[in-house]
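Colleague: Here the protein sequences come in this chain order: A and B.
Note that my numbering numbers the first sequence so that position 3 is 3, with each residue one more than the last.
Note that my numbering numbers the second sequence so that position 421 is 1421, with each residue one more than the last.
Rather than coming from a laboratory, the hints here were simulated on the basis of the structure.
The structure presented is a predicted model; accordingly, all values stated were derived computationally and were not measured.
In this text, a Cβ means the ideal position worked out from N, Cα and C, and glycines have one as well.
Hints may contain errors.
Example chain A residues on the side facing chain B (calculated, C-beta under 8 angstroms, incomplete) [stated by the list, open to error]: (1) K16; (2) V25; (3) L26.
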Amino acid sequence: MTFLCEIWGFMRVRKKFWLLPMLAVLLILGGLLILAQTSAIAPFIYSLF
Amino acid sequence: MEILGISAFYHDSAAALVRDGKIIAAAQEERFTRKKHDSDFPRNAVQFCMDACKKGSPGPDYVVFYEKPFIKFERLLETYFAFAPNGLESFRMAIPLWIREKLFQRSLLNRELTKLRPHTKWDKKILFSEHHLSHAASAFYPSPFGEAAVLTTDGVGEWATTSIAIGNNKNLQIVKELHFPHSLGLLYSAFTYHAGFKVNSGEYKLMGLAPYGEPKYAQRIFDKLLDLKSDGSFRLDVSYFNYCAGLTMTNSKFDELFGCPPRKPSESLTQKHMDIAASIQVVLEEIMLRMTRFASRETGLRNLCLAGGCALNCVANGKVMRDGHFDGIWIQPASGDAGGALGAALAAYHIHFDRDRELSSPEDAMRGSYLGPDHSQIEIEQRLEAAGAVFHVLGDNCLITECVNALESGQALGWFQGRMEFGPRALGGRSILADARSPSMQSVLNLKVKYRESFRPFAPSVLREDVSDWFDLDADSPYMLLVAAVAPSKQTRMTTEDQKRFGIDKLNVPRSAIPAVTHVDYSARIQTVHAETNPRYAQLLKAFKQRTGCPVLVNTSFNVRGEPIVGTPEEAFQCFMGTQIDALAIGNCFLRKGEQRPELANNYASTLEMD
């Protein structure tokens, strides 16, 4: 939560809202990749793609 | 108020502790982990700083990281967008690392600090400085100046690659910035890479190589690689470089411009490499001079502080000093990213918390940069005994006499005294010393003690009161960051035949009364020794002068190629036993090589990595 507040603050101060979609995609993909490597839900992630 | 500064996760991670604006402790992580330029979270250096906190305190009041990761990430993303579709490979390597940990730096710091002090709520104590503000603060606040212009130049921080700031007592404000990809540090690193040296560590080798060459390519660099303005700002032609989106510094267009590909580390250096090194050195000096002249004009101030990786280019620093636009110049000894830890803590104290600055003058506030760990005499004896060393415990005067005897007879002396230096230079705390008058000492030290390239020069330590008799310098240079010529009265005239020599051939011609520290262009990287900050080292130099008439010694770092400077008595002993160092003084313990057990000798030379 602190991270989300900070990144929002950063985008507001630096007026870099256009980074939001890019960041969101990267974080979701990154999260999925990490899960795919380490958890039992890996087989289900495969079917998403 | 105690503030801990941290720099990490790029290269040269370090920690520094500031108490009520005073610098208490600072150390680089590599000295503990023995991994050169270690970039991990500096847990050992942080632990060392926490141990230096007030007794009974739960730890520092605040922790400051030296740069802002979000802005750095923004720069990364914008650069990838600008160069897309190029740079996919670099993107694939960098982004997962950021998504996994670097973007969550607060959590990472919190986690690491909690491991060291589990009962403290670190999250509320963590602050972030800016990269160039940290450098500027590390240069201005410890300086002996009440007000000064501050120039910081390095590869890149968040966006800034160069900044000019104005410091006035506790206030420090950045007034001009040059942004990525236009970077003096990266330009110099590109040539470092092309010459076959490691980026972020081999830059000083390129500087040492420059005097062997002629600046034949300087005009080509000015014409093709950059558009330089009168104020020292410039724009690079990025089509010659590959660092924005690639995994190398230069590209084939750069190779074509200079007529050769990057040198492989196994290939030998040619005259062309030396000429290119000389050329980029001339370009760097011209840019630095224009920047400092502009800073002088713009601010009207008479003092200059320097920091950032480029401030370690002591040849350029010497030229800036002799340029005469400033009355006083002060350079942060830990000018690289390690010094950012110290700057971040000082910036938080004076800028964020608005606390007054107590000016340290005439000496600066770095206390000789002897800010690292030290060892008591009892501890040294116990550790040496455990290591199997044979040593004599001598009184203060007797130790100095034995050391002078060793030095006078041409021996290399390991010198491990007091607190360890903060910054890349050995300043008489963890040094190897030798007689500067010996014509063979330069090659002996390079090949048999340090196991490094024969072209590399050594630096002199000289008593402050004697510096102007031996060098073309009459100023303090306690951190070995100014280069000046050996005094004309000490120079030896070369024969016509010697003058015709080229490149490495120049090396074998003795050119002064102190040939071991005189580079081929008669220059020397000078350290002035001050009794106020290092009394024992000053005493040694005085005794050596009394015996020989020469107040100058060779001073090189106590390590071998590819290793960090030694940090403990055991490491000093191991290095002593693995090299041709003849004698070793650790505290009041004196060791002679001939008295050691032969089975403890180790073979360093075969295991060394390139540095």
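Colleague: Under the criterion of a CB-CB separation shorter than 8 angstroms, is A:K16 in contact with chain B as hinted?
Modeller: 6 angstroms, holds
Colleague: Does A:L26 pass the interface hint, meaning its C-beta sits closer than 8 angstroms to a C-beta of chain B?
Modeller: 6 angstroms, holds
Colleague: Should the interface hint for A:V25 be scored as holding, given a Cβ-Cβ cut-off of 8 angstroms against chain B?
Modeller: This hint is violated: A:V25 lies away from chain B, its Cβ roughly 11 angstroms from the closest one there, beyond 8 angstroms.
Checked against the numbered hints given earlier, this structure breaks only hint 2.
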